[in-house]
Amino acid sequence: MSVTTLAIVLLALSAAAYYVGRQRSFAVSRGSGGVRALHSLPGYYGMLTALWCGLPALLVLAGWVAFEPYIVTKLVVAGLPDEIRALPDARLGLVVNDIRNLVSGNIVSAQVDPAMQAAADHYRSLVQTGSAALAVVVLALAAGGIGLAWKRIHPGLRARNQVEGVVKAFLVLCSTIAIFTTIGIVLSVLFEALRFFHSVPVSEFLLGLKWSPQMAIRADQVGSSGSFGAVPLFTGTLMISFIAMFVAVPIGLMSAIYLSEYANRRFRAVAKPLLEILAGIPTVVYGFFAALVVAPALRDGGAALGLDVSSESALAAGLVMGIMIIPFVSSLSDDVINAVPQSLRDGSYAMGATRSETVRKVIIPAALPGIVGGVLLAVSRAIGETMIVVMAAGLAANLTANPLQAVTTITVQIVTLLVGDQEFDSPKTLAAFALGLMLFVVTLILNVIALHVVRKYREQYE
Amino acid sequence: MKNQRAIDIVNASLKRRYAAERRFRLYGIAAIAAGLLFLALLFTSIAANGYSAFLQTHVRLDINFDPAVIDPEGSRAPQALSGANYAALVRRSMQELFPEVTGRQDRRTLNGLVSSGASYQLRDMVMADPALIGTTRSVWVPADDDVDMYAKGHIPVDVPEAQRRIKDLPLSWLRKLESEGRIEKRFNTTFFTAGDSREPELAGIRGALMGSLYTVIVTLALSFPIGVATAIYLEEFAPRNRWTDLIEVNINNLAAVPSIVFGLLGLAVFLNFMALPRSAPLVGGLVLTLMTLPTIIIAGRAALKSVPPSIREAALGIGASRLQTVTHHVLPLALPGMLTGTIIGMAQALGETAPLLMIGMVAFIVDIPGGFFDPATVLPVQIFLWADSPERAFVERTSAAILVLLGFLVIMNAIAVLLRKKFERRW
Numbered sequence: 001m002s003v004t005t006l007a008i009v010l011l012a013l014s015a016a017a018y019y020v021g022r023q024r025s026f027a028v029s030r031g032s033g034g035v036r037a038l039h040s041l042p043g044y045y046g047m048l049t050a051l052w053c054g055l056p057a058l059l060v061l062a063g064w065v066a067f068e069p070y071i072v073t074k075l076v077v078a079g080l081p082d083e084i085r086a087l088p089d090a091r092l093g094l095v096v097n098d099i100r101n102l103v104s105g106n107i108v109s110a111q112v113d114p115a116m117q118a119a120a121d122h123y124r125s126l127v128q129t130g131s132a133a134l135a136v137v138v139l140a141l142a143a144g145g146i147g148l149a150w151k152r153i154h155p156g157l158r159a160r161n162q163v164e165g166v167v168k169a170f171l172v173l174c175s176t177i178a179i180f181t182t183i184g185i186v187l188s189v190l191f192e193a194l195r196f197f198h199s200v201p202v203s204e205f206l207l208g209l210k211w212s213p214q215m216a217i218r219a220d221q222v223g224s225s226g227s228f229g230a231v232p233l234f235t236g237t238l239m240i241s242f243i244a245m246f247v248a249v250p251i252g253l254m255s256a257i258y259l260s261e262y263a264n265r266r267f268r269a270v271a272k273p274l275l276e277i278l279a280g281i282p283t284v285v286y287g288f289f290a291a292l293v294v295a296p297a298l299r300d301g302g303a304a305l306g307l308d309v310s311s312e313s314a315l316a317a318g319l320v321m322g323i324m325i326i327p328f329v330s331s332l333s334d335d336v337i338n339a340v341p342q343s344l345r346d347g348s349y350a351m352g353a354t355r356s357e358t359v360r361k362v363i364i365p366a367a368l369p370g371i372v373g374g375v376l377l378a379v380s381r382a383i384g385e386t387m388i389v390v391m392a393a394g395l396a397a398n399l400t401a402n403p404l405q406a407v408t409t410i411t412v413q414i415v416t417l418l419v420g421d422q423e424f425d426s427p428k429t430l431a432a433f434a435l436g437l438m439l440f441v442v443t444l445i446l447n448v449i450a451l452h453v454v455r456k457y458r459e460q461y462e
Numbered sequence: 463m464k465n466q467r468a469i470d471i472v473n474a475s476l477k478r479r480y481a482a483e484r485r486f487r488l489y490g491i492a493a494i495a496a497g498l499l500f501l502a503l504l505f506t507s508i509a510a511n512g513y514s515a516f517l518q519t520h521v522r523l524d525i526n527f528d529p530a531v532i533d534p535e536g537s538r539a540p541q542a543l544s545g546a547n548y549a550a551l552v553r554r555s556m557q558e559l560f561p562e563v564t565g566r567q568d569r570r571t572l573n574g575l576v577s578s579g580a581s582y583q584l585r586d587m588v589m590a591d592p593a594l595i596g597t598t599r600s601v602w603v604p605a606d607d608d609v610d611m612y613a614k615g616h617i618p619v620d621v622p623e624a625q626r627r628i629k630d631l632p633l634s635w636l637r638k639l640e641s642e643g644r645i646e647k648r649f650n651t652t653f654f655t656a657g658d659s660r661e662p663e664l665a666g667i668r669g670a671l672m673g674s675l676y677t678v679i680v681t682l683a684l685s686f687p688i689g690v691a692t693a694i695y696l697e698e699f700a701p702r703n704r705w706t707d708l709i710e711v712n713i714n715n716l717a718a719v720p721s722i723v724f725g726l727l728g729l730a731v732f733l734n735f736m737a738l739p740r741s742a743p744l745v746g747g748l749v750l751t752l753m754t755l756p757t758i759i760i761a762g763r764a765a766l767k768s769v770p771p772s773i774r775e776a777a778l779g780i781g782a783s784r785l786q787t788v789t790h791h792v793l794p795l796a797l798p799g800m801l802t803g804t805i806i807g808m809a810q811a812l813g814e815t816a817p818l819l820m821i822g823m824v825a826f827i828v829d830i831p832g833g834f835f836d837p838a839t840v841l842p843v844q845i846f847l848w849a850d851s852p853e854r855a856f857v858e859r860t861s862a863a864i865l866v867l868l869g870f871l872v873i874m875n876a877i878a879v880l881l882r883k884k885f886e887r888r889w
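Read top to bottom, the protein sequences are chains C and D. When we follow the numbering used here, the leftmost residue of the first sequence carries the number 1, and every step to the right adds one. When we follow the numbering used here, the leftmost residue of the second sequence carries the number 463, and every step to the right adds one.
This is chain D alone, in the form it adopts within the complex (with noise of 0.2 angstroms):
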């Protein structure tokens, strides 16, 4: 019999389409699987780079305050201790420990053992109590970013001399130190304390952190409330026409311009026209709240539709004019939602980097901003920066500074998210 039925011909396909149907599928689990493991691969070569940074390789020096170095005169007077030749104590310290080694090139390689920071260390400590000029006491130092790099394990010693970053003598006696258990890793909290630094052992994200601070609060008091009245306007007051068309058009708009861009105009604006400082946290502020503003904006109008009109018809009832229902009844039930919005927006600016370069942020900065007219970096500017130098410790301290800067972004997230989750309403 030829004829064959419809039904054959659907069942002989079936194997097909059903391994067609099979793959499909794959193909979606492929997608998200390779998102993930993106995800997961930027995770871990992040964190894996950067836990290392929380901790700082310390040396132990017995350390003689040495009245004729620090003080010839006895006087005790401040300048005459902060002016002091502490690097000379450090010196002595590590020439009374290795006291073989003599020459000139030897001794300074011997003394570049330990941070440049450690005379500093000294004076502050002299300065907090003088009285312990004269005596000798054993202090733990900041050790160079090379032995750091060493002591951490970065620094491969199997490899020839020529390719090393440590040669093998200042390693004969970093051997002879840790054997001494004069070398020894210790929380970093010059990382979260100090401003940038050339020397990566110095540097830390402080002047940063204040700079964003500063930032993200200009961005925060200005946005914030010109986003909710803009929001407020056009989803309560503003008429159908064509100016309000045009309004909407632009924000829209704006939400997808490139971040850099704002940047040019902060500085053709802010910088040039009105003549603002540069590299200051107000001018930051400024660009990124423009920047942020539609974000806001949407996110405020969604919250405000998402109050039934039955609200505001109650309310009109009893005789409330139109901004009395919306201040007393319709704002307070769509704040959670503008407050997620705005959180969400934060977040944003708070890891804004390219228009902030257009202004003058990446300047290299070591004191840190007292104020929002003083010249600033932000963390991500500092992520950007450090991500350039050259030094092995910096990529630690770059990762680093990229943990804490994801951390803050976890949290203000998870803030919106549980915002949204305690207020979100079903009408």
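Chain C with its partners taken away, still in its complex shape (with noise of 0.2 angstroms):
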């Protein structure tokens, strides 16, 4: 019985179980003076059935389905025969490799021998029976589970207490997902990244300032040798999203300022939500206007001024992004200045200053902090932002300072070494672990900066 049908089977018996129970809950309470003498609603009862019907069964699955495939390469390997399980694990593996091929039937790399043929219909009995057995025994368990439960059910069983318990346990399981998914981008990075500055030295990574990681492959190929210094990336990063914040900042502040300060309501009910489409946008669909319009434009515009400016050029990438980043700004920037008391713009007013001095003089002042941590937000977002440059910014790692010329970043970068072909024992792959562990970091330090500023900011006006 496939897993699926398996899994199928268990729901339905689960529901079985379920009015199982149910009925049971109603046959114990006869003898005790009707349903009232029952701890618990009779559909508490009937749900606990379920659950021992159905969860140790499931788990039972899930395991099986994760620990399959390797338990049953290892009874392989252990019946292969031995000059075979001597070979070194790689090759090892290729052997496995080819039993497994020759099991679904594909193309093997190697001659058939009897030995492989053999091992594949050792495979292939052990995969069967090993899913007879499963169903066999997940059936058991839920059928097991079935009658335990049934023979619980007395009217004094606390079965309430004991599915919320259950229920209870699930939710717990779920909100620790967040933490599992923290530990897991901080392992799967920084294992790559440790095994990168193995090979190379984290002081050349940081501090060098050639990056060309292409590297021959085999020994006796021409290629050059790769060099890991990261330092144009970090510096074509900052330009981008220096040029995105020139543009995003001052407008999505200002337009925060007009829709929360002057403008009337129907405007910013139709103004608002207009600026905020701009945050829906997919970001492909920014790298694609960047690439289409916005770079030839560029490049057209400083051909008629004389500039040489390049086809992919920082200042393309960079405006776009900016564009990307104003609703973000001016959303954060909107809740920081509608969170300062109207009582200071009172004061303000009543000594006869105009709105705008009120914003200069008082408002932003006291809003700053909470800006400021908008801003710094925003600069994160810009520095991990991904396809805009990747479609509009340069592959070449110029240390420039000149926004004309193409520049690369670190999201380029790891989208480059990790599209296609990757070999982990290779330091070109590894190195984008290496970029992601910085770009997590510091897009991390920017966050934790950021959102302290701003709760802390909240919490002095409340």
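Since the hints were derived computationally from the structure, they do not count as laboratory data. Just so you know, not all the hints are guaranteed correct.
[What the hints assert, rightly or not] With a straight-line Cα cutoff of 25 angstroms, these simulated BS3-like cross-link-like pairs (lysine-lysine) come out: (1) D/LYS883 to D/LYS767; (2) C/LYS361 to D/LYS477; (3) C/LYS428 to C/LYS210; (4) C/LYS361 to C/LYS456; (5) D/LYS767 to D/LYS614; (6) D/LYS614 to D/LYS638; (7) D/LYS647 to D/LYS629; (8) D/LYS883 to C/LYS272; (9) D/LYS614 to C/LYS272; (10) D/LYS614 to D/LYS629; (11) C/LYS456 to D/LYS767; (12) D/LYS614 to D/LYS647; (13) D/LYS767 to C/LYS168.
The structure presented is a predicted model; accordingly, all values stated were derived computationally and were not measured.
Join these two chains into a complex; the hints should help.
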């Protein structure tokens, strides 16, 4: 029986178990004064039975799905002739792969010798026995669960508390996923990055001025040896982020001020959602826009002025990224400006200040920490933004301060290094994880500072 | 009298101050106008580039379904019919239209005016109706992408021949075809029914749409229950201690982690460690689940917070357990808000590209995926792939795919807004 059908059968059994448990609770209550003598509502007895039926069986099923290939491979390897088992790990892996291919009927890399054929038959029979045994065990567990719950149901059973306990355990489990995600990110990036730092020293990575990750894969191949100085990537990322901020902060901040201090309700109701559309557009669309419209326009404009603008200039990518970030800055500043108490404004107006004077001398200073926090979040977003720079910024790692030239960024390099063939023993692939680690750490620090600043500021007026 | 009164000083400066006020106001309007201008520019440039992709140029050919070519043995067996040389029929028909073309090179150019998809179209026609064999029909077949671009006016004809994709000779043939009414623009159904292709006129978004659908289904099936459960736990049950603080800090940080980092996680954990299949919607859905969870959790908590405590107190007061209070009373009231957050999270997932590049969903996949384990790509990644293609016709198709993607996003956001409007409650 396949895993899917087994799971469906289990679900059906659990549904039946609910009915059985519920009926059982009616039956046991009849002797002691009817349904009112039950500790919990009859449905809870049904749910408890269903849980007893489904939960252990599902756990076994999930465990089997997760570990089946591993166990079967171990057993098959143990059954191989000694001279094959004595092979080094890498060769053994190839043999196992061949056996698997034989089993699934694919083309194998080597000649099929009788030992391999025997191993493949062994593999196939193991899988068959395994799935048969699994079906038996799972169904026995389910039936046993029903039986056990059936026996345990009596009027004093605290069925509701037990069901609620299971549900609460599920809730707790779900809420820990966030922590596991963070741990997963840190571990996955850290391990590969450490392997990278075995072959390339940290100091060279952080301080080196030349980035050229192409390496010769075989010893006899002609190719550069690779150099992993990431400074050009850092400067490129910073330049594009700076250009983006240069566009987004004034426009975002001024539109937030206008919308919250000047605009009437109707204008606000139209303009604010329209601006927020900018935040909902997928970044790949911005990337296409940058490459299709903005970059050629800048190049032609530059040519008209006698400037040499690269067709993948940092300016084009930065400008478009700035447009993307406008709503981000404006909605965050809008929040903090609205959080400034009305009494401060009233006090300022009472002194005869004009609106703009109130904004500049009272509201902005009062909201400054929040605005700074918002800008920091926006910077972190600009640093981590990928698609716009992948499509509109260049690949060449130029160490330059000229925004009209092509630069490359951390995210662009991660994408170029990891799209296509990957080899997890080459520094070229591992470099992407080192860059990912940098990206994660920098954005994490920015986020923590920003969230801290914003929260502290909010508490100030509450 | 030397002593100026304070009011005079103020009055003297008023003009300057009012001017500053007007300037400041103007800056605000200019900022909003700039934002809206960018928005308008973005949409008009995409729409202007993309609308023409919904039409495709077709050429009318008189095809003689010659039995000698299709089925010389007269067996009408499906294998024979599907393996026949239909390209020869197309070539012959073109030759009949332009008998004066003789050179090998010229003939190749002539046959290049019709898409290579024409022979597949003929094959499908014959397979569907073998009675066609032996008859002569006039058939509309798709034109080559250069012809398509010319017909749509994207290839200027008033520049020197050397700078043109279409040279003078094929141009004269095209003019003749046009004058005979053999060229027509028709609705581009291929764009919605075909998978990816290297030939622009045969490329469609169906494969990417199905991939997006499967990916979003996985994302929704995982992130909605987990997100709602997390929100409920944190808002209704969790004690205030270091552990829940840790969870909260984690969620807030994950919301701001760059999406590409989730891609690295997917590559290292799901592909390398758990050995799940590359390019599969399942893995894409898992990665996007982790990415959208914070959005859903934060929205869900806000929705739970907005339910007034009196509801909980009333339920608890008549003897409901805390879980019953939540499932019977709080959750139904908070659900519209949670759904709104989920739809917005799904819209985000639908438009996301970068993490999917990391887990191999950028492969060139012609087949339309039929399940969660098939290699697939998604709509934004398809846009990314097409944006890289040099053919002019792909610019138009990229823009059209963007229009489709934006259409979906608009619909999803509109549903979210409507949901909020309909169920918004002031307590």
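Now the hints, each set against the structure:
Annotation: proposed proximity of D/LYS883 to D/LYS767 holds, straight-line Cα distance about 18 angstroms (limit 25 angstroms). Taken as a hint, the C/LYS361 and D/LYS477 pair is honoured in the structure, with Cα atoms around 19 angstroms apart against an allowance of 25 angstroms. Restraint check: the Cα-Cα separation between C/LYS428 and C/LYS210 comes to about 14 angstroms, which is no more than 25 angstroms; the hinted pair holds. For the hint pairing C/LYS361 with C/LYS456, the CA-to-CA distance comes to about 21 angstroms; that is within 25 angstroms, so the pair holds.
The suggested pairing of D/LYS767 with D/LYS614 is violated, with an alpha-carbon distance near 56 angstroms, which exceeds 25 angstroms. This hinted pair checks out: D/LYS614 and D/LYS638 have alpha carbons roughly 17 angstroms apart, not beyond 25 angstroms. For the suggested pair D/LYS647 and D/LYS629, the alpha carbons sit about 21 angstroms apart, so the restraint of at most 25 angstroms is met. At roughly 17 angstroms between alpha-carbon atoms, D/LYS883 and C/LYS272 fall within 25 angstroms of each other, so this suggested pair holds.
Simply put, D/LYS614 and C/LYS272 have alpha-carbon atoms about 38 angstroms apart, too far for the 25 angstroms limit, and the pair is violated. Taking the CA atoms of D/LYS614 and D/LYS629, the gap is about 17 angstroms. The hint holds against a cut of 25 angstroms. Of the supplied pair hints, the one linking C/LYS456 and D/LYS767 holds, its CA atoms being roughly 21 angstroms apart against a limit of 25 angstroms. At roughly 9 angstroms between alpha-carbon atoms, D/LYS614 and D/LYS647 fall within 25 angstroms of each other, so this suggested pair holds.
Distance check on the hinted pair: D/LYS767 and C/LYS168 sit about 19 angstroms apart at the alpha-carbon level, within 25 angstroms; holds.
Hints 5, 9 from the earlier list are contradicted by this structure; the remaining hints agree with it.
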